[in-house]
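Undergrad: For the sequence shown, the tail end lands on 425 under my numbering, and the numbers increase by one without skipping.
The set of hints was computed from the structure by calculation and includes no laboratory data. A hint or two may mislead.
[What the hints assert, rightly or not] Using C-beta positions, here's what the derived DEER-type ranges look like:
1. Arg203 - Arg238: 43 to 51 angstroms
2. Trp136 - Trp299: 32 to 40 angstroms
3. Ala26 - Arg117: 38 to 46 angstroms
4. Thr281 - Leu224: 12 to 20 angstroms
5. Val217 - His107: 44 to 52 angstroms
6. Leu310 - Met78: 25 to 33 angstroms
7. Arg203 - Leu86: 48 to 56 angstroms
8. Phe228 - Ser274: 17 to 25 angstroms
9. Ala234 - Glu304: 23 to 31 angstroms
10. Lys123 - Ile221: 35 to 43 angstroms
11. Gly53 - Tyr206: 38 to 46 angstroms
12. Ser57 - Gly277: 16 to 24 angstroms
C-beta atoms are modelled at their ideal positions from N, C-alpha and C, and glycine is treated no differently.
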Amino acid sequence: MSSTSSPPFSAVTTPHKHQLHALKAHIIIHMLVLSTVVFLVMQLISHTAAIGDIGSYVMPWAWEEAFLGQLFDNTDMFRWIAVYLFVSLDGLHALLCIGWYADQLHPVRRRRDVGRRRRATKTWLKSTQQNIEAWRQRHLGSFGTRSGKEDPRKPTHDTERRSATPQHVPKNRTSVNWIESLDNTPSPPCPLDPHTYHPLLRPTYTSLTRHILLAVWDVIVLLTVTFHVYTYAANIRPSFAFCDEHDHPLWHFYDQPATLQQRCTRINWRIHSAGGCSATGAVILALWHFCALMSRIWAVLDERLLRRLEEKTLKDFKSKLRAKREGDNDVDFGMAGWQCPPRDVDVRSRSARRSVESETLTGTEVTSRHLPTVSQEELGIGLGRRRMWGRERNNDTSSNSGRDKDMGSSKWSWRSEGFLECLV
Numbered sequence: 002m003s004s005t006s007s008p009p010f011s012a013v014t015t016p017h018k019h020q021l022h023a024l025k026a027h028i029i030i031h032m033l034v035l036s037t038v039v040f041l042v043m044q045l046i047s048h049t050a051a052i053g054d055i056g057s058y059v060m061p062w063a064w065e066e067a068f069l070g071q072l073f074d075n076t077d078m079f080r081w082i083a084v085y086l087f088v089s090l091d092g093l094h095a096l097l098c099i100g101w102y103a104d105q106l107h108p109v110r111r112r113r114d115v116g117r118r119r120r121a122t123k124t125w126l127k128s129t130q131q132n133i134e135a136w137r138q139r140h141l142g143s144f145g146t147r148s149g150k151e152d153p154r155k156p157t158h159d160t161e162r163r164s165a166t167p168q169h170v171p172k173n174r175t176s177v178n179w180i181e182s183l184d185n186t187p188s189p190p191c192p193l194d195p196h197t198y199h200p201l202l203r204p205t206y207t208s209l210t211r212h213i214l215l216a217v218w219d220v221i222v223l224l225t226v227t228f229h230v231y232t233y234a235a236n237i238r239p240s241f242a243f244c245d246e247h248d249h250p251l252w253h254f255y256d257q258p259a260t261l262q263q264r265c266t267r268i269n270w271r272i273h274s275a276g277g278c279s280a281t282g283a284v285i286l287a288l289w290h291f292c293a294l295m296s297r298i299w300a301v302l303d304e305r306l307l308r309r310l311e312e313k314t315l316k317d318f319k320s321k322l323r324a325k326r327e328g329d330n331d332v333d334f335g336m337a338g339w340q341c342p343p344r345d346v347d348v349r350s351r352s353a354r355r356s357v358e359s360e361t362l363t364g365t366e367v368t369s370r371h372l373p374t375v376s377q378e379e380l381g382i383g384l385g386r387r388r389m390w391g392r393e394r395n396n397d398t399s400s401n402s403g404r405d406k407d408m409g410s411s412k413w414s415w416r417s418e419g420f421l422e423c424l425v
């Protein structure tokens, strides 16, 4: 089965040099966000595990309920759910954004990757079809032969055989035909916009819409992690206050190596040390999102400024071109039908002294005076005179040639008559 080569992909537009630094900055920021999210998720799990390990310290039931109620009230439960949800989604968001900006930064590499994925998909489909066909021949081929039944795929009538020829492609599309047509059909052109599964980076959105939606996401994550850090810092003092209120003596019928106050202090230190690591990760994540927010605001302002500069440059160019055209139209060349170069113009010197003969009553008087000369082209008559002179010259040439022919014929007739008389 022969496969035709895919047509060349559509023209890929490379980013402007002014946008390369912005794209690289976005990629670096989201890589830092992704690494920080991984660290923060591990610290959040450690923080939650430290809170759930209170039962190993053998604290009174009433104290455990009061302490956990102080850590997990209604507001804190909402905070924990929001932190786990948005931080996990933020990691996926950063991963998709890295792919999006990398495709914009390297469009040629994206085109190669798309073609490689399509070829891999075609190869996998062909191998799967061959494996299915081999399994069918191995397990079901002999069964159909023993039972005396014909292969339902083989044509039985001449009409079906004729319709199965390459000139008559059957209308039904089985799995085999679909794979063959997929292999022979040229691949569609690569889209200009990078493909992504991110709902906020759809190609149908404008650049401003994408920046606004991503900025809203950054603000949401900023508020979530800020609230987490604030709640952690606000719970430190009330949690240690539980150790002062529940100061009970040692029970003689239990083996207790430490007092209740000491165990309460150990619980608080373990919980808040893990919470401190998670709060540190949240602060770092908030810092990266603040940088991403500032970069998006700067990208919007930069795009607007660049667009205005381009519009202003184009407007100035159009105004200069219009002024140049108007200036060219205002120039008077002396005649509408200017066709001769300036070197063919017969312009006499304006300072020449010429001798002018004037007839008077006493005789002819020769005087010299300055004559203001103007070129024939400036007067608008040079072209007409040259055309008239050309026609007269052509007429003279034609008349002279005719006269020469007549004279030649007359001379030849006279000579021929004299020659004939001598012969006689």
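Undergrad: So, for every hint listed, does it hold in this structure?
TA: Okay, the hints, checked on the actual structure:
In this structure the supplied range 43 to 51 angstroms holds for Arg203 paired with Arg238, their Cβ-Cβ distance being about 47 angstroms. The hint said 32 to 40 angstroms for the Cβ distance between Trp136 and Trp299, and at roughly 59 angstroms that hint is violated. At roughly 28 angstroms, the beta-carbon separation of Ala26 and Arg117 lies outside the given 38 to 46 angstroms, and the hint is violated. Between Thr281 and Leu224 the beta carbons are some 18 angstroms apart, a value that agrees with the proposed interval 12 to 20 angstroms.
Taking 44 to 52 angstroms as the suggested C-beta distance range, the pair Val217 and His107 does not conform, at roughly 28 angstroms. One distance hint, 25 to 33 angstroms for the beta-carbon pair Leu310 and Met78, is violated here, with the actual separation near 52 angstroms. Between Arg203 and Leu86 the beta carbon distance is about 22 angstroms. The supplied range of 48 to 56 angstroms is therefore violated. One distance hint, 17 to 25 angstroms for the beta-carbon pair Phe228 and Ser274, holds here, with the actual separation near 21 angstroms.
Taken as a hint, the range 23 to 31 angstroms is violated for the pair Ala234 and Glu304, whose Cβ atoms sit roughly 39 angstroms apart. The hinted range of 35 to 43 angstroms is satisfied by Lys123 and Ile221, whose Cβ atoms lie roughly 41 angstroms apart. Hint check: Gly53 to Tyr206, Cβ distance near 43 angstroms, so the stated range 38 to 46 angstroms holds. Against the hinted window of 16 to 24 angstroms, the Cβ-Cβ separation of Ser57 and Gly277 comes to about 21 angstroms, which satisfies the hint.
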